[in-house]
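Novice: Chain by chain, the residues:
There are 2 protein chains.
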Amino acid sequence: MSGALDGIRVLDFSNFIAGPYCAMLLGAMGAEVIRVEPPGGALDRDIGPYAPNGQAMYPWHYSCNKLGVTLDLKNAKAKGLLHKLLARTDVVLEAFSPGVKKKLGLDLRSLHAVNPAISLLSISGYGQYGPYAERGGLDTVAQGMAGLMAITGPEGGEPMRAGVAVVDYGAALYGLYGVMLALYQREKTGRGQAIDISLLDVAVSFMETVFAEMAVLGVERKAMGNRRPYTAPTNMFQAKDGYVYVSITTDLFWRRFCKVAGIDHLRDDPRFNSNRVRYKHQKELNQIAADWVGARTVEEVLGEMIPAGIAAGPVLTLPQVMADEHVSARNMILEMNYEGVGPVPIPGLAIKMSENPGQIDTPAPAVGQHNDYVYGELLSCTPEELAALAADGVI
Amino acid sequence: MSGALDGIRVLDFSNFIAGPYCAMLLGAMGAEVIRVEPPGGALDRDIGPYAPNGQAMYPWHYSCNKLGVTLDLKNAKAKGLLHKLLARTDVVLEAFSPGVKKKLGLDLRSLHAVNPAISLLSISGYGQYGPYAERGGLDTVAQGMAGLMAITGPEGGEPMRAGVAVVDYGAALYGLYGVMLALYQREKTGRGQAIDISLLDVAVSFMETVFAEMAVLGVERKAMGNRRPYTAPTNMFQAKDGYVYVSITTDLFWRRFCKVAGIDHLRDDPRFNSNRVRYKHQKELNQIAADWVGARTVEEVLGEMIPAGIAAGPVLTLPQVMADEHVSARNMILEMNYEGVGPVPIPGLAIKMSENPGQIDTPAPAVGQHNDYVYGELLSCTPEELAALAADGVI
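Protein chains in written order, with our numbering: chain A, 1 to 395; chain B, 1 to 395.
The list treats identical chains as one, so a pair stands whether inside a single copy or across any two.
Think about it this way: if two alpha-carbon atoms lie no more than 27 Å apart in a straight line, the pair counts; the simulated DSSO-like pairs of lysine-lysine are:
#1 Lys283 / Lys259
#2 Lys74 / Lys259
#3 Lys280 / Lys222
#4 Lys280 / Lys259
#5 Lys222 / Lys240
Hints in this document: simulated from the structure, not taken from any laboratory. Quick caveat, the model's predicted, so the values are computed rather than measured.
Bound conformation, chain A alone (with noise of 0.2 Å):
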């Protein structure tokens, strides 16, 4: 099957997880992606996990399904080959500061002195304008920034990230409908345009209604732990042998919880009978809750709260996770093959099209891996030419 984005060429000069991921999600869906690195390796390639061969793993997950040239964007001798390559692209992706930008001479403006069509899509740390523009950012410091660390951890804890780089794939997704909104454009008007994401804005959108609480009701957020503040009981449980999680959201939902729990008794009891007055007696359910959940293994929770339709899983280990039955049948953890090392798993595409399914199928590039086709087949240099730019140390 095609892929949507068939026929888009896309450069990702960018690094690490938000933009390396963004650009491998655009490759995923049809577009050749081309990987343009220094010479001497991306600075990705020198960050852990390392593999035994000494391989740093963050590029064979976030650079599948794209080509890797090389190309010193500094020497002054790479301007043609950059011009060239332009000449046939329909998106940059970067992640540089806004003045190493235009130094690079990849701005907007630049990149439209080239090719009109191009879309420029730039992940940075605080975005292209702002007083902290020209700062570094990085996802955790994002989350600080933004109050998320603030509402996570356990209550009265020291603020606590979460532990994974969620504002790194925000910022990467916000991009996917950058680019996407920018190509869909270009359709009508034939001219790309500029996409600015920022990890700050990302992490700032993701803060809920904490804001709003605060203005209208007076009430700053804290971390509270594993609860949610407005519904209950809501809140990882230990059963005998492991965790569960369960939160009911709804009055029909907590209905069936009390007959799940053999407290029908409580179902109408003015203190829980609606979701506007079951929060304020949290402690009590949530103990309700944990007493029931306490006296059985995660098997017998489960198989008593799934059928009811509540909302309740189990908080699994990492092998539990490569190990699930509905991860595997939604394909969620796949392998690629690196030389020397086997196969590697990573997470699958969390995006599934009926018509243009897409997929991540191609194992990360090695360094200048696609020198020849992209610079030679693509671009037409001859062996000669690509000889001597490799001799100047251009590729």
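Keeping the supplied structure of chain A fixed, place chain B upon it in accordance with the hints.
Specialist: Chain B in isolation, oriented as in the chain A frame:
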């Protein structure tokens, strides 16, 4: 300026966070989004936080930029109206279970029988197929089942959720990518398609390289508080008057950190002089950073770190986030006015487009607020027909 999605009409049948947020962002980019609720109002109008006037705050945020109509999908008399609406619709967004969707006539086959140009975005707990497909799902349950909770929180502590619904946000954003891919492809084929997003898939997709670590290195990642496993120094550190987060991710920044922290004598120490060794001495390096930060105020720390280009930032409380000048310069906290309540702050639009910037600028509708416009003006129902539909409880 025009929106990139001008002329696109979306029907939003969803609830709570993921679906409504996705639909709101389509509206922010110019689509006409019609939220379709049961005549009594959607379930998210009954969940906290609640304003003093009794209204629920979720829709105040997640249903901005939408029109609101009522329609009882379970009423047989609703079908005529639904089909008239679908004939003029580009995208349907729903969050029912696969079985319920079919009963309601909102599966792709039923939709395409009316209008083959429709794309159907389904966001559910477990997706449209697989052994758990009919289970009820939820953000935090997905966090638990994907292993995200297993690696969040203090070292040695219990599994912990991220403090906001990061999986719901992820699902909304993957959904936007899917909708845009479908609209882009429709330009060529004239036909819409189905997009299947599952909260569990999304959560698994956020798990970085942890599965690769297990398979290749035999290492099961665990919660490690605010550290990250492969960079150092990297942690949250306590200054005299607050917390800062600092992360040294490359050798360049290590050298700069040495200068700032006055430890140039350690710069070339073989224990510390590259990414590939530094993380093995994380404890020692984090202690050095903790001591240096601990002797200074937040402002003093950042006053030295930031000019050196180091990724460092304050870990802020929610009031500090709301007061931040950069958040403000990026328009990342907006105010929506609701009658009898006044201005309600909500997070702003985390995507800045140069040509079609879009905006979140219209407060959420009351239940059925746009019945007259949508059913009367758009679908040309007469006042008598509308009165009859209302009397029958259809709208």
